[in-house]
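*Asks:* This is what each chain is made of:
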Amino acid sequence: MHFFYLATFDIEAQAGPRALFEIFGIPINDTTVIGYAITIGLIIFARLATRNLELLPGRLQNTLEMFLEAIIDTTEGMMPGGGRKFLPFIGTIALFIGFSNIIGVLPLVKNPTADLNMTLAFGLSVFIFSNAYAIKVKGLWGYLKGYAEPMVFMLPINILGELAKPISHSFRLFGNVFGGSVLIALAAYFVPGIIPVPLMAWFDIFIGLVQALIFTMLAIAYISIASE
Amino acid sequence: MVEFSPELLETIIRAAALIGAGLALIAGIGPGIGQGFAAGKAVESVARQPEARGLITTTMLVGQAVSESTGIYAFVFALILLFFIIL
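So the sequences go chain by chain: D and C.
The opening position of the first sequence corresponds to residue 3 in our numbering, with each subsequent residue numbered one higher.
The opening position of the second sequence corresponds to residue 74 in our numbering, with each subsequent residue numbered one higher.
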C-alpha cells in the first residue's frame with residue numbers, strides 16, 4: 003500500500019536499484035548495467051587514446067595526459083612520492099565516480115552512485131586498501147599498536163573511528179547524488195520543463211564533479227593517514 | 074487501558090515517521106553554518122593571497138565535505154523514515 007502523495011511523483015523509481023531482467027535467475031539491476039556501460043566506455047576511450055602514442059600528443063592523448071597529471075599532482079601534494087604508485091587505484095576511483103555522477107544528465111539514465119550498494123563498495127575497497135597498505139608499511143605489530151595511540155584506553159575509540167570512515171565516506175557520496183536526484187524528481191513533478199534543466203546542470207554536473215573530487219581526495223587522505 | 078485498532082496504530086506510526094523525517098532535516102542548520110563559515114574564511118584567504126587560490130579551494134572543499142557528514146546522516150535517516158517505515 004502506497005502512501006498517496008509519495009506515489010504521485012513516482013519517487014520509488016529513484017530509490018534503490020530496479021531489476022531490469024534476469025540471467026539464470028540472478029536479477030540484473032540498472033545500477034549494474036549502467037556501471038558496466040561506463041566501464042566499457044572508459045576502456046574503449048583509453049584504447050583509442052593510447053593506440054598510437056606520440057611525442058606531440060593528439061587531442062585524445064592530450065585529454066588523458068592532462069587528467070593523469072592532475073591526479074598525480076594531487077596525490078603528490080598529499081603523499082610525497084606516492085603519485086605514480088597509487089595512480090591505478092586513485093585514477094580508477096576518480097574516473098569511474100566522475101563519469102557515474104555526470105551520466106545522470108542523460109534522460110532516463112539513473113546515476114549508478116545514487117545506489118548505496120555502489121558507493122559502499124567503493125568505500126569498503128578504500129578501507130581495505132588503506133588498512134592493507136598500513137600493514138605493509140608499518141608491519142602487523144606496528145599497525146595494531148597504532149590503535150593504542152596515544153594511550154591504551156583510547157583503543158575502542160580509535161577502532162570505532164576507523165570503522166566509521168568507510169560508512170561516512172560512502173554515505174556522503176550516496177546522500178549527495180541521491181538527494182540531488184530526489185530534488186530533480188520533485189521539481190520535474192511540480193514544474194515540468196523549465197526548472198529541472200538548470201537543476202540537473204547544477205546537481206549532476208557541478209555537484210557531481212565536486213563530489214567525485216572530494217571522494218578521491220578523501221581516499222588519498224585516508225591512505226596517507228593510515229600509513230603514517 | 075485503551076485498545077487501538079491496528080489501522081489506527083499504523084496511521085499513528087506513519088504520521089510519527091513523517092514528522093520525524095521533517096525534524097531530521099533540522100540537522101541541515103549545522104552543516105549550512107559550518108560550510109558558509111569555511112567558504113567565508115576561504116574568500117578571506119584568497120583575498121590575502123590570490124596566488125594560493127587552487128590550494129585554498131581544494132582544502133576548503135575537503136573540509137566542507139567532512140563537516141557535511143552530520144547533515145548527510147540526517148538526510149539518510151530521513152530517507153529511511155520515509156521509504157522503509159511508510160511504504
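Hint data in this document are derived by calculation from the structure and do not stem from the laboratory.
Please note that the accuracy of each hint is not assured.
Claimed, not checked - The calculated label-pair distances, taken between Cβ atoms and stated as ranges, are:
#1 D:I227 <-> C:E117: 26 to 36 Å
#2 D:E151 <-> C:G127: 31 to 41 Å
#3 C:G101 <-> D:A187: 17 to 27 Å
#4 C:G93 <-> D:L211: 30 to 40 Å
#5 C:L96 <-> D:F192: 42 to 52 Å
To be verified - Quick partial rundown of chain D residues pointing at chain C, CB under 8 Å, derived from the structure:
#6 R61
#7 Q63
#8 P194
#9 P198
#10 I207
#11 F208
#12 I216
#13 M219
#14 L220
The beta carbon of each residue, even a glycine, is placed where N, CA and C say it ideally should be.
*Asks:* For every hint, state whether the structure bears it out.
*Replies:* Against the structure, the hints:
no. : hint                          : verdict
1   : D:I227 <-> C:E117: 26 to 36 Å : holds (27 Å)
2   : D:E151 <-> C:G127: 31 to 41 Å : holds (33 Å)
3   : C:G101 <-> D:A187: 17 to 27 Å : holds (19 Å)
4   : C:G93 <-> D:L211: 30 to 40 Å  : holds (33 Å)
5   : C:L96 <-> D:F192: 42 to 52 Å  : violated (23 Å)
6   : R61                           : violated (25 Å)
7   : Q63                           : violated (24 Å)
8   : P194                          : violated (23 Å)
9   : P198                          : violated (20 Å)
10  : I207                          : violated (16 Å)
11  : F208                          : violated (12 Å)
12  : I216                          : holds (4 Å)
13  : M219                          : holds (5 Å)
14  : L220                          : holds (7 Å)
Figure legend: structure checked against the earlier numbered hints; hints not met, in rising order: 5, 6, 7, 8, 9, 10 and 11.
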